[in-house]
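Heads up: the protein sequence lines correspond to chains A and B, in order.
Counting in my numbering, the first sequence runs from 1 upward without gaps.
Counting in my numbering, the second sequence runs from 1 upward without gaps.
It is worth saying that the hints were derived from the structure and are not from the lab.
In this text, a Cβ means the ideal position worked out from N, Cα and C, and glycines have one as well.
Mixed in with the good hints there might be a few duds.
[As the list claims (entries may be wrong)] Far from chain A, by Cβ distances over 12 Å, these chain B residues were calculated:
no.	residue
1	2
2	74
3	292
4	311
[Unchecked claim] If you want the footprint, here are the derived chain B segments under chain A, 3+ residues with CB under 8 Å:
no.	segment
5	17 to 31
6	104 to 118
7	138 to 147
8	256 to 266
9	282 to 289
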Amino acid sequence: MTAIDEPSGTDSGGADPVAASESSEPTGSDAATGPQAATRKQVRKEQRRVLFRSPGFIIGVVITGFWVVAAIAPGLLSSLGETDFSDAGARVSPGGDAWFGTDSVGNDVYARVIYGAGPILTVAPLATAIAIVVGTLLGLIMGYYRGWVDEIISRVIEAILSIPVILMAILVIFTFGDTTPVIIGTIAVLFVPAITRTIRSAAITESELDYVTSAKMRGESGFFIVTREILPNVTGLVVVEVTVRLGYAVFTYATLAFLGLVATDVAAANWGIDVAGNYTQIVRDVWWPSIFPALAIASLVIGVNLIADSIDKALKS
Amino acid sequence: MVRFIIRRLLLALITLAIILVVVTLIPNIAPGDPARKIAGGTASPERLAEVTESLGLDASVPEQLFDLARSVFTLDFGESFSVARGEPVMSLVWTALWNSFKLVLFSLIVMVPLSILGGLVTAYKKDTWIDRSIINTGLAFSAIPDFVAGVFLLAFLGVQFEFFKVQGAAPPGSGILTQLQHLLLPVIAVTMVYFGYIARVTRAGTITSLDSDYTRTAFMRGLSTSGVFRNHVARNALQPTVAVLGTQLGYLFGGMVALEVVFEYRGIGNLVIDAVEGSDYPVLRAGVLVVAIIYMLATLTADLVVAWMNPRARLALGDG
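Could you put the whole structure together from the sequences, leaning on the hints where they help?
So this is what it looks like as structure tokens:
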């Protein structure tokens, strides 16, 4: 998505004249030489300043932060457990006794929404981390060395990207089983191609710049050039990829859970599964047991995407 | 142009070959015995043998690959194993594909003009509050999973208004207007998911196009705004839009699995879910491969259209 974005870093940078003049330096190119290495540090500082002041980033961090707290310490936010029966009884509409109402079993919907943050915020970050490490390394190596191996892997990547992630995930989970490690591994593997493609094309651009040529002439090893010269110059892109993919991982896990392809304890709270189990009652006007977990999914995905978008904008400012 | 088409076709064939290899390998590299896992621990030996055969695991890997390639080129994926036992897989796929096609077509008719209009307006009003609110709303919607959008629509429109139908499929024998009425909610959900994405691509293309010399020249020649947009901006600005639509068509057919489930719509997505629930690997595999083939044909078409719109794009595949 970022590749087709318009090149002009529009709104965020213009607020501060110093920021604008400094960040208008060609960031990626010839930044590794002596005096300009210091400039890169300043540019990064400026970018952080722009980022921490952007409203999108702050809202994104607040929303995502709330769910992270819910995932780590749900007991802080809800006095009832995910499987506790509410005193209010079953199918009570939202109100004084139960903020978000209760579901047909008699569980408190608010408690289930709070506890439901746990599974999604375990699987999505782990899958993203694995995918980022593998995808970034593969992309850097392919982009730097090129050659026939790069050709072949590129073709494989294009081929895998031609099948919707969710269909491919269904195919893999069907044959590999629906345990949590398989789910994490599947999401990770299916995200590698997109990350590799992005990092690879950045690495190709970087490899053509003078600092890489001079490192080669200094006689540095390929490993040194990839990890110490090119990688620092694409970290911005990697950070954007981390946040973008995290959003997709949340999306994918929620969808797999909704489709019943995620094995959990029968009674454990899980947003996707809770939506799936209760949405058919919407037509009978019992909307709260499905709409609240659906809102939770939507808010988390939007929160993560706000962060991703603000980082992307700050890097381009 | 002929050389470009030949090269592009070759590329598509290579992609197809790789997909076949990947799909063949998946059950073969699954840990343990996938057949036992699917059939369940207490399955009889006959049942186990049947599941093994349905996975193709009774043959060697090259044989499996060859069989799969033959299936794709003859469009014969054998018989369904449990979704509709004994039925040819392809007859199930065709029915589902026809339903998906109706949903995709109606979605495209609603979503494409709306998104392109959104892209043109936001580009023209760049950096105003109109631009920001349209683009940010679109982005928020496109981040939300399709089934979440579907469930919201059920609650806010489906239940409140008699006009919106909560089931995507009309009763058999309904007229086209009733069918469209039933498809309305899923189509709105698809539009919500895609509007922001396509509008943003169109906006970016339009901004580049508006900034270019040929647009400035056209304005200086005294042409009207609409004339410049029609004859100069649109042709160039819409190339990325066409390319993106090409890549999204496969997703429209096969990526809306959860949305089809919400509206009980019997397209490819629901067929795949039925196949999973019935442990029907031949149907599952055929569904996935058919979506991959649609994606290939769609990107192929999109590339050819872009090459026709812009001769320079042909250079990417070394057509001098």
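Cross-check of the supplied hints:
1. 2: Label holds. Min Cβ-Cβ 23 Å, cutoff 12 Å.
2. 74: 21 Å, holds
3. 292: At about 5 Å from chain A, residue 292 of chain B fails to clear the 12 Å cut-off, so the statement is violated.
4. 311: 20 Å, holds
5. 17 to 31: holds (count 8)
6. 104 to 118: violated (count 0)
7. 138 to 147: holds (count 7)
8. 256 to 266: holds (count 4)
9. 282 to 289: Holds, because 4 residues of the segment 282 to 289 of chain B bring their Cβ atoms closer than 8 Å to Cβ atoms of chain A.
In this structure, the earlier hints numbered 3 and 6 are contradicted, and the remaining ones agree with it.
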